[in-house]
Amino acid sequence: MLIMNNIKKVFRTDLVETHALRDFSLEVNEGEFVAVTGPSGSGKTTFLNITGMLETFDGGSYSLDGKDVSQLNDNQRSQLRNEKIGFIFQSFNLIPDLNLFDNVDVPLRYRGFSAKDRKQRIENALERVGLSARMKHLPSQLSGGQQQRVAIARALAGEPRFLLADEPTGNLDSLMARQVMQLLEEINQQGTTVIMVTHDAELARRAQRNIHIVDGQVSDYQKLQPVLNVAEPETASA
Amino acid sequence: MFTYYLKLSWLSIKRTPMITALMVIAIGMGIGVSMTVLTVNYLMGKDPIPSKSGELFHVQLYTYGEGMGNSRVDDEFPYQVTYQDGMNLHQSDIPTRKTRSLATGFSVIPTKADQTPFLESARAIDSDFFAMFKIPFIYGEVWNKTVDVSPKNVIVIGKELNEKIFSGENSVGREINLGGDLFTVVGVIDDWQPTPRFYDLNNGSFNSSERLFLPFSLLPVLELPSWGNNNGWKTEIINTYEDRLRSESLWNQYWVELNTSKQKEEYIDWIDGYISEQKKLERFTHEKAGVSLKNVTQWLNYNTVVSSDNSILVGLAFMFLAVCMINTLGLLLSKFLNRAPEIGVRRALGASRRTIFFQHLVDVGIIGLAGGLVGLGLSQIGLMGVKSLYSDYNDLVQMDMTLMIGSITIAIISSVLAGMYPAWVICKTNPSVYLKIQ
Numbered sequence: 001m002l003i004m005n006n007i008k009k010v011f012r013t014d015l016v017e018t019h020a021l022r023d024f025s026l027e028v029n030e031g032e033f034v035a036v037t038g039p040s041g042s043g044k045t046t047f048l049n050i051t052g053m054l055e056t057f058d059g060g061s062y063s064l065d066g067k068d069v070s071q072l073n074d075n076q077r078s079q080l081r082n083e084k085i086g087f088i089f090q091s092f093n094l095i096p097d098l099n100l101f102d103n104v105d106v107p108l109r110y111r112g113f114s115a116k117d118r119k120q121r122i123e124n125a126l127e128r129v130g131l132s133a134r135m136k137h138l139p140s141q142l143s144g145g146q147q148q149r150v151a152i153a154r155a156l157a158g159e160p161r162f163l164l165a166d167e168p169t170g171n172l173d174s175l176m177a178r179q180v181m182q183l184l185e186e187i188n189q190q191g192t193t194v195i196m197v198t199h200d201a202e203l204a205r206r207a208q209r210n211i212h213i214v215d216g217q218v219s220d221y222q223k224l225q226p227v228l229n230v231a232e233p234e235t236a237s238a
Numbered sequence: 001m002f003t004y005y006l007k008l009s010w011l012s013i014k015r016t017p018m019i020t021a022l023m024v025i026a027i028g029m030g031i032g033v034s035m036t037v038l039t040v041n042y043l044m045g046k047d048p049i050p051s052k053s054g055e056l057f058h059v060q061l062y063t064y065g066e067g068m069g070n071s072r073v074d075d076e077f078p079y080q081v082t083y084q085d086g087m088n089l090h091q092s093d094i095p096t097r098k099t100r101s102l103a104t105g106f107s108v109i110p111t112k113a114d115q116t117p118f119l120e121s122a123r124a125i126d127s128d129f130f131a132m133f134k135i136p137f138i139y140g141e142v143w144n145k146t147v148d149v150s151p152k153n154v155i156v157i158g159k160e161l162n163e164k165i166f167s168g169e170n171s172v173g174r175e176i177n178l179g180g181d182l183f184t185v186v187g188v189i190d191d192w193q194p195t196p197r198f199y200d201l202n203n204g205s206f207n208s209s210e211r212l213f214l215p216f217s218l219l220p221v222l223e224l225p226s227w228g229n230n231n232g233w234k235t236e237i238i239n240t241y242e243d244r245l246r247s248e249s250l251w252n253q254y255w256v257e258l259n260t261s262k263q264k265e266e267y268i269d270w271i272d273g274y275i276s277e278q279k280k281l282e283r284f285t286h287e288k289a290g291v292s293l294k295n296v297t298q299w300l301n302y303n304t305v306v307s308s309d310n311s312i313l314v315g316l317a318f319m320f321l322a323v324c325m326i327n328t329l330g331l332l333l334s335k336f337l338n339r340a341p342e343i344g345v346r347r348a349l350g351a352s353r354r355t356i357f358f359q360h361l362v363d364v365g366i367i368g369l370a371g372g373l374v375g376l377g378l379s380q381i382g383l384m385g386v387k388s389l390y391s392d393y394n395d396l397v398q399m400d401m402t403l404m405i406g407s408i409t410i411a412i413i414s415s416v417l418a419g420m421y422p423a424w425v426i427c428k429t430n431p432s433v434y435l436k437i438q
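Protein chains in written order, with the working numbering: chain C, 1 to 238; chain F, 1 to 438.
Be a bit skeptical, because a hint or two may be false.
As the list claims (entries may be wrong) - Mimicking DSS-like on lysine-lysine, the simulated pairs with C-alpha atoms at most 30 Å apart in a straight line are:
hint: 1; chain 1: C; residue 1: Lys116; chain 2: F; residue 2: Lys7
hint: 2; chain 1: F; residue 1: Lys145; chain 2: F; residue 2: Lys134
hint: 3; chain 1: F; residue 1: Lys7; chain 2: C; residue 2: Lys119
hint: 4; chain 1: F; residue 1: Lys387; chain 2: C; residue 2: Lys8
Everything labelled a hint here was simulated from the structure, so no lab data went into it.
Build the full structure now, drawing on both the sequences and the hints.
Listed below in structure tokens is the structure:
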């Protein structure tokens, strides 16, 4: 379970102070599929980075699976991230000179699994995304959709509780985007909590819950409804 | 994890071969120059006989007259002793071993028809010399102790000379013609080249050791010439060799082996008694008249075998290494920052800052290792250059295992030190900045 209360995040330069998130509160239950939408610069990615503990925050509280994130040091945050969170990015972010096997291996290495265990997990993860036959290929030898599937395999190999996806279909054509979305839905159905940032209203509609962020705050649902053209969900957003 | 870091380092090198090559060359040059200078300096100052250096003492007697002294050293003691003092010191049975020593030489007249006579330096010594300085024999042994008193034309030769004259055979019992006198070979010693040549620093600290060793007792019989330094401080009329032996001229060396401090104290007392006797005979008239015993290390320091100039040179060489490492630091910073997006991904996938930091230190360690190996090769070239410029340093061009391991270690440590800042910078980078834009 993920609970954020009154999270504040300010980016400061010598001249400018930007409030990326203001009193941002949210609860995400286990097994949910949450889509996060909002205009550019509204704080979606900052929210995702704080959720993934890649950014610190300046105020409020954040608890992930009962652990108060603000009390953890870098090592503990990294360990928690490695164990509980999988990331999927818009630009896939595969390491170009590692083959698919080694790319999927990266988070497992930091987890400290044995070689045998890692091999098993990598093979399973790549099989799940339909790329087990291409383990020795480099990312550059794959299409965009295939690369994103490898990124999903990498995110899933460690069996995380949360999958954070930052515009996972942003660089894909509509066919590929549908395939990736379908995969995310399958993953969610198997119990993984998915939080997906997207600009795509159609994809957002397929999520169980939608969060709309405007100016660093969760917008109220009425403002969101005309954008998404969906009925009010039963689980109210924070 | 370490093997994983090694794998990543290899990938990193393959990804940026040019920048890696530049770093390896920079480190290699720094190590090459600094290790060349350090090797020469280290070998100049190293203990040439570590197992016994504390038990072997060079004897100095202050035999100068009033108003005289050796201005080159603080205590003004002469480096050498007179022949008569050497003879008198030899009367004491307190030292475990003792030897007089004189640099001399001969014209060697070979028996082989195809060889022409050649000059060869030699050393007149007592039989204890070989055991004192741990000189290994290949064939035969040293002459009998009685020869130290009753001279006999016997000789110990070096391995190289044995090769030259006797084609490397066991030449014990064979004769060798030295300046017209026939000598019987009693022993052949293995290669022996103490560096520095501590037993006679007065005649070239880094000269080659002699290859001919004959009994000191032959000195008055054959009227052996001195091929070393002769320090005369007193106006004396010397017409005959006999005059020379009786003179106050300083041209011999004297070494003793004293195994305990008690033995050393007794020996000093004995020499003090000898000095008192000599004073009564109106020798040793200077108020400083006395004795000084210096062990091998003290003797090397006393003679400033490694001059302060060398230390300055070592300092400059390491400053050059520092400049090379600063350049490497800049290249590392550039290389690492280019990898920031990948590091962002790794951080997102669970790598901690500490993990990233160590990954990069392994990276620079590998580059340092490669630089160290290149530097080792360059330092060998540097040492050959030293050899070609200074013939005295012929024996200093060999890098021993300590120096080789030292080179690699210095290269790795200095690289890791240079890499710490870039590694710190990259592990402190906010990963989220790169995840969006990669």
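What hints, given by number in increasing order, does this structure fail? 4
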